[in-house]
Amino acid sequence: MSCCAPDAEMALALNRSEAALPSSQEIRLASRALGGDLRQTDLSVPAVHCAACIQTIETALGKLGRVEGARVNLSTKRVSIRWRGDEVPPLVATLGRLGYDAHLFDPEADGKDKTLSELIRAVAVAGFAAGNIMLLSVSVWSGAEGATRDLFHWVSALIAIPALAFAGGIYFRSAWNALRHGRMNMDVPIAVGVSLAYAMSLYETINHGEHAYFDASVSLLFFLLIGRTLDHVMRERARTAVNGLARLAARGAMVLRDDGTRDYLPVGEIEPGMHLLIAAGERIPVDGRIVRGASDLDCSLVSGESTPRSVAPGDMMQAGVLNLTGPLSLEVTAAAKDSFLAEMVRLMEAAEGGRARYRRIADRVSALYAPVVHLTAFVTFLGWMAATGDWHRAVTIAIAVLIITCPCALGLAVPIVQVVAARRLFEAGVMVKDGSALERLAAIDTAVFDKTGTLTLGQPRLVNASSVDPAMLAIAADMAAHSRHPFSKAIAAFAVFAGQPKLEAVSEHPGLGIEATTAGSTWRLGRRGWAGWKARTGDEGKFGGHGGTVLSRNGMIVASFTFEDATRSDAKTAVRQLKDAGVSVEMLSGDIANACGEVARMLDIGSFVPALLPSGKVEHIEALTRAGHRVLMVGDGLNDTPALGAAHVSFAPATAADIGRNAADFVFLRESLLAVPLALGISRKAGQLIRQNLAIAIIYNAVAVPIAILGYVTPLIAAIAMSASSLLVIGNALRLQALGPHTQARSTAPDRRSGIDALAQSS
Amino acid sequence: MTTLAYLIPVALFLGALGLVGFLWALMSGQYEDLDGAAERILIDRDDKADQL
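Those protein sequences? They're chains A and B, same order as listed.
Per full-length UniProt numbering, residue 1 is the first one in the first sequence, and the count goes up by one each step.
Per full-length UniProt numbering, residue 1 is the first one in the second sequence, and the count goes up by one each step.
Bear in mind the hints are in silico, worked out from the structure with no lab data behind them.
Please note that a few of the clues may not be correct.
Derived CB-CB ranges, DEER-like [to be verified]:
hint, chain 1, residue 1, chain 2, residue 2, range
1, B, V20, A, H181, 29 to 39 Å
2, B, L26, A, N594, 31 to 41 Å
3, A, R393, B, F13, 37 to 47 Å
4, B, I8, A, E210, 40 to 50 Å
5, A, L734, B, L26, 50 to 60 Å
6, B, E32, A, S467, 51 to 61 Å
7, B, P9, A, H181, 41 to 51 Å
Here's a subset of chain B near chain A, in silico, CB distances under 7 Å, partners left out [stated by the list, open to error]:
hint, residue
8, L14
9, G15
10, L17
11, D33
12, L34
13, D35
14, G36
15, E39
Don't be surprised by glycine CBs; every beta carbon is placed ideally from N, CA and C.
In isolation and in its complexed conformation, chain A is listed as follows (with noise of 0.2 Å):
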């Protein structure tokens, strides 16, 4: 790649290796079509970031046979391709060659951001009418007097009119939303204070009265749109970023008709009975028994175990496990919509309840608050008509009231702190999914990690490689090379050159392991039964797990290899940092209790529980949950999502299913466990800065409110007091921005080697 250092972006290039890339049928299937034979295709493409990504992608794929055009764009990271015909070009294969992986996203992510364009929009009219209005306000207090004055109050208000239809309409819906469902929220006050004010001031402009609030009714939307479009830009950024992950799971399979014809269908139309076919790298779409064919199946995603599983014919297959040897030809048992991951996204609809359940701060702040407001305003009117008996002057007050208490600042104090803590956290490659899910966890006190793929890297790695005569090592390499085994690319990964003899007739023995030839010498890396069918039986078991890898030559062994699964890289800093933080840790897994003893022992955990199943995992943390715990969950398998969704707030990493990802509330992009540390961090910072903003809100208004009820305000006090306000509320949140260089340099410098303390795996 014709690149700059990889930036925190890069890191989305991180992905299961062995994730297959989409077949064309897929690209097909997720192309649009355009009219006549055009049709769309839209990539994600997270490694783009300059110039020159942008034309090597652009240049080679526009020189393709029936390309149109590609256009990259590099703030989604994504590339759409017009092409023509009924063959889609080696597009995914191009950008391949190029250096960039390249994958499909979901289709229901494809079109524009409608809410963010009607934001923007809304701000754009807003700003324009605050401007404007401003300035003749400015004129108003200057001095202007009768007639001219009256006119810069009428045009003020023929301004507004637009302001307030296409601008206020975002919080009078909103506001009306709530209040149908008999709920408040911080829109309903707005909405009133607002409307309220308008009323107010173009009655007094047509009785040619002295006071009017159009400025202030204007500038409080403009400054509460501001908030809300930064809000919305910054979760988006998020969404987006999650979507150009990877997909898992497959998007249709190739089908074997009776009559020997093959369909690729969507994973909608397969049925019960129909035959696929399975190439190896590929994902299974759907539960079924395998027909012919055998292979080495990878089911961490699943069950959470971390060894592969060798499979024959007549053995049965859940949707989700990849397929790592050999082709396999199956008959599906179950259709999409009753296999297993859709049992897992039931499980976990039916386990969702304390997200659901959670009211934002802002939420229950603006529920006291807006009552306390309208009272208080009430109260003002009432006590001014008994003192005075002049209902223009009480009503007038009043709305003053309304006005100087319209929880601008409020507005903005709880929204601008949550933006401002996603945004430290996108750079240390987190992503948050809403401000809410910050609220949540800054409240947990016990964390449940799951052990496959989370805490461990679910990628075996050799850990007796110096005690292998280098010679037979290298041997090894080139022999695994030719496999996607698990163990054949650790294995691999020690390829050097060293003299070795040159492999010929490579083949690879599904379930059992690879076989090649040398002048005058027959190779075999895999199984020990297998590989060393001449040895003595006495040798038989001497190394545990995995039933022994070896390398034979003409059926003598000459190496054995021991594998580890390696744990995340900082796994155990970031449980003792956890623990320092005073949240207590334990692991949940669906692997065996030797397995999990070890990676906890290592790993300093205090309580496990192996062997769950998904609904187990479930019920371990509604257990929890009941015993008055707010637990947090980071999981990445298909059998985690359940307990995701049943959890107070959760985490998945980047090779998490598809469906884990979407179930999570954050998702981070890097190695490092680190991540859960100083995401708990970040968001406990953020919340006192939240509770710091509300108090300073709620100490202006204690300022405010009495001279606003005493009858002092002027538009003038009160689009200074207002403005004030905000800004104060502002400059604390960005306090959160200047915090704790510390942290982020250790996140943002994974120390490596604590990841190399790998985990004698034993099954």
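Start from chain A and add chain B according to the hints.
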């Protein structure tokens, strides 16, 4: 007072012109890819790759 009669409309018209210009730019997709636009000025346009 008479100066106001034309100065205010002129000021509002110019402001509205800016607003309409911004909304037009928004509609025509010029804000879709801000990072890309910043980088694209570095690319020599010797082909018509920009036509999509």
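Do the hints match the structure? See the list:
Distance hint check: the CB atoms of B/V20 and A/H181 are about 38 Å apart, consistent with the given range 29 to 39 Å. For the pair B/L26 and A/N594, the supplied restraint of 31 to 41 Å is violated, since their beta-carbon distance comes to about 60 Å. In this structure, A/R393 and B/F13 meet the distance hint of 37 to 47 Å, their C-beta atoms being roughly 38 Å apart. Checking the proposed 40 to 50 Å range against B/I8 and A/E210 shows it is violated: the Cβ atoms sit about 20 Å from each other.
Between A/L734 and B/L26 the C-beta distance comes to about 28 Å, which lies outside the given range of 50 to 60 Å. Between B/E32 and A/S467 the C-beta distance comes to about 57 Å, which sits within the given range of 51 to 61 Å. In this structure the hint that B/P9 and A/H181 lie 41 to 51 Å apart at CB holds, the actual value being about 45 Å. Given the 7 Å rule on beta carbons, the hint for B/L14 is violated: about 10 Å separates it from the nearest Cβ of chain A.
Satisfaction of the interface hint for B/G15 is found here, the shortest Cβ-Cβ separation to chain A being roughly 6 Å, below the 7 Å cut-off. About 10 Å separates the beta-carbon of B/L17 from the nearest beta-carbon of chain A, more than 7 Å, and the hint is not met. Interface restraint check for B/D33: the shortest CB-CB distance to chain A comes to about 4 Å, inside 7 Å, so the restraint holds. Annotation: B/L34 was flagged as interfacial toward chain A, and the flag holds, the nearest CB pair being 6 Å apart, inside 7 Å.
Given hint, B/D35 at the interface with chain A, holds; its Cβ is 4 Å from that chain's nearest Cβ, closer than 7 Å. Hint status for B/G36 relative to chain A: holds, with the closest Cβ pair at about 3 Å, below 7 Å. Here the hint on B/E39 is kept, as its CB sits about 4 Å from the closest CB of chain A, short of 7 Å.
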